[in-house]
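4 protein chains.
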Amino acid sequence: MPWTKWWMYCNPGVCLTRFVLLVSKVILSLPLSPQQIQFADQQQDFNKRLSKTGRRSRSFSQSSTVNYNSAVSYTDCSEDATSPRDRQQRSSKGHQDFCIKNIRQAGLGRREIAIAEQEMPALMALRKRAEGEKPLAGAKVVGCTHITAHTAVLMETLSALGAQCRWAACNIYSTQNAAAAALAEEGFPVFAWKGESEDDFWWCIDHCVSLEAWQPNMILDDGGDLTHWIDKKYPNIFKMMKGIVEESVTGVHRLYQLSKAGRLCVPAMNINDSVTKQKFDNLYCCRESILDGLKRLTDVMFGGKQVVVCGYGEVGKGCSAALKAMGSIVYITEVDPICALQACMDCFRLVKLNDVIRQVDMVITCTGNKNVVGRDYLDRMKNGCIVCNMGHSNTEIDVASLRSPELTWERVRSQVDHVIWPDGKRIILLAEGHLLNLSCSTVPTFILSITATTQVYYFYNLYNAPEGRYNKDVYLLPKKMGKTPHYLPTALLLRLWPDFTCQRLTPTSQS
Amino acid sequence: MPWTKWWMYCNPGVCLTRFVLLVSKVILSLPLSPQQIQFADQQQDFNKRLSKTGRRSRSFSQSSTVNYNSAVSYTDCSEDATSPRDRQQRSSKGHQDFCIKNIRQAGLGRREIAIAEQEMPALMALRKRAEGEKPLAGAKVVGCTHITAHTAVLMETLSALGAQCRWAACNIYSTQNAAAAALAEEGFPVFAWKGESEDDFWWCIDHCVSLEAWQPNMILDDGGDLTHWIDKKYPNIFKMMKGIVEESVTGVHRLYQLSKAGRLCVPAMNINDSVTKQKFDNLYCCRESILDGLKRLTDVMFGGKQVVVCGYGEVGKGCSAALKAMGSIVYITEVDPICALQACMDCFRLVKLNDVIRQVDMVITCTGNKNVVGRDYLDRMKNGCIVCNMGHSNTEIDVASLRSPELTWERVRSQVDHVIWPDGKRIILLAEGHLLNLSCSTVPTFILSITATTQVYYFYNLYNAPEGRYNKDVYLLPKKMGKTPHYLPTALLLRLWPDFTCQRLTPTSQS
Amino acid sequence: MPWTKWWMYCNPGVCLTRFVLLVSKVILSLPLSPQQIQFADQQQDFNKRLSKTGRRSRSFSQSSTVNYNSAVSYTDCSEDATSPRDRQQRSSKGHQDFCIKNIRQAGLGRREIAIAEQEMPALMALRKRAEGEKPLAGAKVVGCTHITAHTAVLMETLSALGAQCRWAACNIYSTQNAAAAALAEEGFPVFAWKGESEDDFWWCIDHCVSLEAWQPNMILDDGGDLTHWIDKKYPNIFKMMKGIVEESVTGVHRLYQLSKAGRLCVPAMNINDSVTKQKFDNLYCCRESILDGLKRLTDVMFGGKQVVVCGYGEVGKGCSAALKAMGSIVYITEVDPICALQACMDCFRLVKLNDVIRQVDMVITCTGNKNVVGRDYLDRMKNGCIVCNMGHSNTEIDVASLRSPELTWERVRSQVDHVIWPDGKRIILLAEGHLLNLSCSTVPTFILSITATTQVYYFYNLYNAPEGRYNKDVYLLPKKMGKTPHYLPTALLLRLWPDFTCQRLTPTSQS
Amino acid sequence: MPWTKWWMYCNPGVCLTRFVLLVSKVILSLPLSPQQIQFADQQQDFNKRLSKTGRRSRSFSQSSTVNYNSAVSYTDCSEDATSPRDRQQRSSKGHQDFCIKNIRQAGLGRREIAIAEQEMPALMALRKRAEGEKPLAGAKVVGCTHITAHTAVLMETLSALGAQCRWAACNIYSTQNAAAAALAEEGFPVFAWKGESEDDFWWCIDHCVSLEAWQPNMILDDGGDLTHWIDKKYPNIFKMMKGIVEESVTGVHRLYQLSKAGRLCVPAMNINDSVTKQKFDNLYCCRESILDGLKRLTDVMFGGKQVVVCGYGEVGKGCSAALKAMGSIVYITEVDPICALQACMDCFRLVKLNDVIRQVDMVITCTGNKNVVGRDYLDRMKNGCIVCNMGHSNTEIDVASLRSPELTWERVRSQVDHVIWPDGKRIILLAEGHLLNLSCSTVPTFILSITATTQVYYFYNLYNAPEGRYNKDVYLLPKKMGKTPHYLPTALLLRLWPDFTCQRLTPTSQS
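Protein chains in written order, with full-length UniProt numbering: chain A, 1 to 511; chain B, 1 to 511; chain C, 1 to 511; chain D, 1 to 511.
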């Protein structure tokens, strides 16, 4: 069934908000039934590779979790072997409509949620505003997203606004069991645990949709699996929906395809391309996560290091600005003339990779292209050069070319490999060429909160739209909704500027 | 005829490339008889002076010229009273088809052009590339732009590419007589001088169009006056045109109106909204000109000063970044949530003007709105506060409210007024609230060169388009022209990065 | 004997290079009124734990290790209970003159050393230069420093230059057992393991000094314990020394006291106050470690956060610059007028803590004073405010005032406490007010390498000084050693700028 | 008499506060026809030169004035030919004890002084504080400094504090006649005008010292001419002095020589090396003036330009930081390892001039050395390269090597020369290699105010010192004067931070 491989095509590079551990499914190529993984356009014989490296990469993704999401994972020590599906659990209030790892972790999860709430002020502000109002009363939401403390804040906000929720995980590894437990304890029907099998995955989704006396009318999806399932299995339910809110690149892509094919029978909202998501997930987030990721993995000092950043889009702009500020000497490669000119105007030296490859201490890819750093470049790097990827999936660095007999790989830390040439030269490869910021740093909660707020904003607009306002199409909301105050984005600002209000009637700064 | 006053309404705020002296026409409403210049402390009657505002501000623009475009104006001392229309002049080669101030200034003008060429590498590179090719052979261009050394480089480039040119000025004051002389000496039919009357203005334009045995087929316009003239007077010529290239906001606006009315009978190119023009005229240019303008007028030290920048669009972004870099403590006011959030992420403190107005040393407006700084704010500024405008026209600061009997105006330098409150408090008003960067600093030639290059690029594409490619509409060229190398923008980069070439086949950096 | 508690008074604040785990001895061994500390959800019997303070801080430092020095500590799982003093071990070559935890960790340690060598290019360059030369031939060094991979590079460099070494640890917790094993395997007489008792500590030092047929002639000390021991126990050996090289504030302070008292009988070199150490340990290092420490502990997003940095000395300058670059809005408090003026000129807003304490998201202390952030300020911070210390020891934040019955402490991660007010407000206290960068981030190897290089530089100058050049005094070498090329600092630059050479004969840039 | 040529050797490079027009004496007294150019140390006859070129260089300095100090000079049009020494003038109150150009310019001068007062808040604050106190009562000061509006603020402050003043100019060209007139009108005995002859110069100084019933007891000198004169001519007066306050490098150097020779018979204060002067005159001032000077002379766009800054001392740090912020790509050359390492840590690429000379758009020298940019480099610069000096005097660029027959000089603007190679290549030389910031930009009043405040501070401390506190030596006051509040520096901050007060009792930030 092709759908089971959907995640193979999804594009996490531009979808940072798909939580960090998206990594485990989409990226780190680990999974449990490895024979199913195939990278679309590469046609490689994956099984063969896996027979060699599968074991290893599996252990990596786990250790990745252990190191970088400390709060999440220390609870997993207590994991026992029984499948959650085989155990009947019960919340302290007797509630049983959920399926999670261990309800006893609820206290821990609640604490994590409390921490997350601190950095998600817009959602908290919304709850306050909507007190008594219940603008989402009547909404029956099925959701399929990463189940984390951040999602919990989102769900509890929807609930505070009046919606009813049932939720499954959009990824078999990313669930924070403690957060799930806290939600279940609070009475939310949650069906998710860390380490689901594929069968579990669809079983959980199905349990969110099919329930007697439960006619969901809204979908909140991240990746499109839920939408697909309902479309296929419950076409009647699908037709009765008021709409879909979809966050990921992949899911949005799929929606446009459905729409083109004339098979989209409800309106859908495209969160992925909203300004708030684009700017923050790329420019502002990468500016911080490039430093964070490099430091955690290598403890390298940035000051005085020569760095080449390949690509000067939003991601490249963020990385370059951060490294410059820390004292690195930054070079840029760029093929687009406009971006190249911007790099020049921002004080960076434009180079061809070829011209600096022998002298740089770090190479960072953010182009969105394939094989930007090929074996020929890798061969010429100097001893100790750090190579990592902030761009698209794991295709920018030609890692495959390094898996050849004359080179020795040495794992020095989790996510850090020394690749050693016959003459003793080592390069330091991070995250095996996968996205550094997804693999090795955390996404700031504040960033996640911006997307979550946007989701609620779109959700609210879609759910409350007058009859006929939206057709069976995919929508991107305009930056400005008429002259009315911006309900959500304004709320978003509350954390930053508590008394933000419109200063003058006529808005819009120049350009 | 309303057209004669068109320039009153035109919008130079977003059109920096309309050369600095556009100022004289659009803004400073100008000039000449020096005996009327009297400085504040010479006991002049301010009210009386005001009643002749026009007179008064006229004298300013001259001094503006003297101070800020030194190279241009010292040639004007030799101005004599005879109108150029009444004198027959002759180039050293006997050429007579031109009407300018003084052909003897040709040497001086040539030197200014030589200086300009240094900073316009893309055009110079184009000339080299097109050597022998003459891609514009057959083009008969009538142009109507500011006549400056920069324009001369543009015209001589068109000519080098094979075009024939006839040119008039788009502004009665902005002509650099020496540059015009150099062009005439080189054989270009130029009809322009500094200080034309309105009658002169149209006479010059007419002389560019109507000439026996001259059937122009292309228009290069800045402001739309030429287009309008041909449309009205020579409809038959108009219909035979291959197209129009229009640079200014005003002209583009007019073209869209014609198009809407179904009266645009040839394709037209919109330069104003091209990316190269927008980014450079605003962000990058203002980043430099805010410092330049403030220093030249006030010699103020930026370090440690508290500054409020109103508006965080491209202009505001440029101003804030520059002042921060010089050590100023910068506050931002902004009503658009996205821009406000960007200001926060860029380390600026969002404030309401009201909260900081008593403490700041400078107030800079870049909102595009009216009366952002009203009398109430002006009343509360501290002694010595500098107030200036980088935004839209002269509407952002409510200067009119300062022309009231209880306040004393004292002109301390050209473009610098002290407005004095009864208690002795002074605020320092720059350029009477007009655009600081247009009035009081120069636009870097490099910026002008980017727009000029874009003009040639569009011109080339329009002139060489296959039959039927463009309809009778207004066009904005896509950022990327298919997969072909970017002819012009690439050339543009030559100055910055001599060996810029496509590094890899598949381009596009992420986002 | 008061000396045994020396480390209680030592001042790690300005002594970053004392390795991260110095922490365990100097800092974490502390809590002042321990009976009040109770960690919320762990319900452990704290008093009991305290009765074995050693144990506790040991485990503390371990968890610190686990998180922040991953590579180092995972080897310690194999720790067994036998004291190293009770076991006889033997290197693969039969060498036995050492006492360490476990010689079998040598391979792992060697790898760590290899990684460290990458970032210590100056020392590696020195080895190359000195090849065949052996400028330290005849030097018999006893050393007492942290035993880490970095120290190993230092020791092996001294050895490569011709010196003989015997080494002990200057801290009972900071030893990296694997690095010690690698040194022992290489034949170095090393006496150190992680978790020594105080008796072990002095036993190890004594074993470095007293050995038949071993007459040491140089001391390389960090903290002064070794110097003290030799002075007291082996006065005859002390008198025969050629000199002492001392790195720490504490040790240098002690040397000046000895000198004043007329009891310093050999020349001593003051590394602590050398320019290379001061600038790098403070300004450049803190610029990176403030971000690193905050991210690892809190995952906070910096962009848009309001931060007050108390103190604008070198540390404050580094912290402020870094946070500004990440988009934080930074306020400075400062009492010294010169520093305050610098803050102004660097675009920061000077405030009184009182004026911003209610609005900031983070408070960072770097003043060197006591109780800069007292309970009155803590009471007024907003919910979620992060409080941490980058300045002097653990005195800047009045943590003691928070250990009062009405406040609840909740440990949410290692080094992260939520302190909760009766009304539910939480502040987030990092590292219990201890130095954030020592406790919670790593010191870049490059920084350590600069100090290590300086040590060798001073060592070389002292050891090779002509008779009578240095008296029985404490010396600080001049920034420039005459006209001769700077042997070491130049080497230092090799990593950054491979072909750094004197460009012109007459040096010195202005000021 | 060698003293008459003192100013030939004086070192304005590090003495920015010697006002901008110092230029006229030290610098602009030069050239056009190159055969007449002879530099000080080439043993030229100054008197003879003056008789030939004085006129001309005067007009030079005027044009400089016109462009760059507009406010100052437009009053000079009224210059008539009579020497002030030959005319008897009288203030409106009948005062006659002065000798200046034209008392009628007093109104204009008063206005300039009022403007200057705005930016000299510390002095104004001092006046307020000292109201009624008169801490300088009894001081009889002879001063010899540039006579400008800024000096007027200083003099009127001394007077407000109780001192009596007589003043002469320290430079024959720098006097602002209007400011002198305003002072005279106020009753100050001022002896100075723009364009004094050398004889006038000493005549004026003498008139300040020798007056019956006037026994001066304090000297405030800038350059040492006054001190020298008193020492030589009035040794008895000299011995009775309480002390000297000297600002310039040259004067301070001379004082140390006197002291060494045992001929200094009163205490002297060294202002030049005070922290407030060094940091501000170099780092902060140059950060702004490099941009200002380049813009005013060349209108160059900084964004994207490649610039090499030679030397990374305080001046180089300021220049590099400013250009980087404007988007230039900056390279650094440096021979001092510490400064070089700082450049690396600040994100600049260290290069050898040789490696980048062919590619850069600008070369800026700030090394303090001679011939940093020699003919060999000038030969290899690319067409259009801008060359200027921010460092030491006019020695850093080997301008002499450009005055050779095969090269053509073309003056395109005041202070801007094109030097043209036989193949047509032009380089753009600014200010003929003299200090760009002195010649072509203004020194911010705020900077001047900091030095002036320091002068008063030292003056106050010297004048009020208890008997015996200062010996016959040269003194530099400590940064911190005990625990007492910093009288002056604190006042200095008033402008920046109105309510600056000591926040805590125990001061000092770390390092």
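Hints may be right or wrong, so weigh each one.
What the hints assert, rightly or not - The calculated DSS-like cross-link candidates involving lysine-lysine, where the alpha carbons are at most 30 angstroms apart (straight line), are:
| # | chain 1 | residue 1 | chain 2 | residue 2 |
| --- | --- | --- | --- | --- |
| 1 | A | LYS93 | C | LYS242 |
| 2 | B | LYS382 | D | LYS352 |
| 3 | C | LYS134 | A | LYS382 |
| 4 | B | LYS425 | C | LYS232 |
| 5 | A | LYS279 | B | LYS279 |
| 6 | A | LYS134 | C | LYS425 |
| 7 | B | LYS382 | D | LYS425 |
| 8 | C | LYS260 | A | LYS425 |
| 9 | D | LYS352 | B | LYS134 |
| 10 | B | LYS128 | A | LYS352 |
| 11 | B | LYS425 | D | LYS425 |
| 12 | C | LYS134 | A | LYS425 |
| 13 | A | LYS134 | C | LYS382 |
| 14 | D | LYS279 | C | LYS279 |
| 15 | C | LYS425 | C | LYS382 |
| 16 | B | LYS382 | C | LYS134 |
| 17 | C | LYS352 | D | LYS382 |
| 18 | B | LYS93 | D | LYS352 |
| 19 | A | LYS352 | B | LYS382 |
| 20 | A | LYS382 | C | LYS382 |
| 21 | A | LYS279 | C | LYS382 |
| 22 | D | LYS472 | B | LYS425 |
| 23 | C | LYS279 | A | LYS128 |
| 24 | B | LYS279 | D | LYS134 |
| 25 | D | LYS93 | A | LYS352 |
| 26 | C | LYS128 | D | LYS352 |
| 27 | B | LYS370 | B | LYS352 |
| 28 | C | LYS425 | B | LYS352 |
| 29 | D | LYS279 | C | LYS352 |
| 30 | D | LYS279 | B | LYS382 |
| 31 | A | LYS128 | C | LYS128 |
Don't read these hints as lab results, they were simulated from the structure. Note that the coordinates shown come from a computational prediction; the quantities given were computed from them, not determined experimentally.
Here is what the structure says about each hint:
{"no.": "1", "hint": "A:LYS93 x C:LYS242", "in the structure": "violated, 77 angstroms"}
{"no.": "2", "hint": "B:LYS382 x D:LYS352", "in the structure": "violated, 49 angstroms"}
{"no.": "3", "hint": "C:LYS134 x A:LYS382", "in the structure": "holds, 29 angstroms"}
{"no.": "4", "hint": "B:LYS425 x C:LYS232", "in the structure": "violated, 73 angstroms"}
{"no.": "5", "hint": "A:LYS279 x B:LYS279", "in the structure": "holds, 17 angstroms"}
{"no.": "6", "hint": "A:LYS134 x C:LYS425", "in the structure": "holds, 27 angstroms"}
{"no.": "7", "hint": "B:LYS382 x D:LYS425", "in the structure": "violated, 52 angstroms"}
{"no.": "8", "hint": "C:LYS260 x A:LYS425", "in the structure": "violated, 52 angstroms"}
{"no.": "9", "hint": "D:LYS352 x B:LYS134", "in the structure": "violated, 43 angstroms"}
{"no.": "10", "hint": "B:LYS128 x A:LYS352", "in the structure": "holds, 24 angstroms"}
{"no.": "11", "hint": "B:LYS425 x D:LYS425", "in the structure": "violated, 54 angstroms"}
{"no.": "12", "hint": "C:LYS134 x A:LYS425", "in the structure": "holds, 27 angstroms"}
{"no.": "13", "hint": "A:LYS134 x C:LYS382", "in the structure": "holds, 29 angstroms"}
{"no.": "14", "hint": "D:LYS279 x C:LYS279", "in the structure": "holds, 17 angstroms"}
{"no.": "15", "hint": "C:LYS425 x C:LYS382", "in the structure": "holds, 7 angstroms"}
{"no.": "16", "hint": "B:LYS382 x C:LYS134", "in the structure": "violated, 70 angstroms"}
{"no.": "17", "hint": "C:LYS352 x D:LYS382", "in the structure": "violated, 52 angstroms"}
{"no.": "18", "hint": "B:LYS93 x D:LYS352", "in the structure": "violated, 50 angstroms"}
{"no.": "19", "hint": "A:LYS352 x B:LYS382", "in the structure": "violated, 52 angstroms"}
{"no.": "20", "hint": "A:LYS382 x C:LYS382", "in the structure": "violated, 49 angstroms"}
{"no.": "21", "hint": "A:LYS279 x C:LYS382", "in the structure": "holds, 28 angstroms"}
{"no.": "22", "hint": "D:LYS472 x B:LYS425", "in the structure": "violated, 47 angstroms"}
{"no.": "23", "hint": "C:LYS279 x A:LYS128", "in the structure": "violated, 49 angstroms"}
{"no.": "24", "hint": "B:LYS279 x D:LYS134", "in the structure": "violated, 58 angstroms"}
{"no.": "25", "hint": "D:LYS93 x A:LYS352", "in the structure": "violated, 75 angstroms"}
{"no.": "26", "hint": "C:LYS128 x D:LYS352", "in the structure": "holds, 24 angstroms"}
{"no.": "27", "hint": "B:LYS370 x B:LYS352", "in the structure": "holds, 17 angstroms"}
{"no.": "28", "hint": "C:LYS425 x B:LYS352", "in the structure": "holds, 28 angstroms"}
{"no.": "29", "hint": "D:LYS279 x C:LYS352", "in the structure": "holds, 25 angstroms"}
{"no.": "30", "hint": "D:LYS279 x B:LYS382", "in the structure": "holds, 28 angstroms"}
{"no.": "31", "hint": "A:LYS128 x C:LYS128", "in the structure": "violated, 68 angstroms"}
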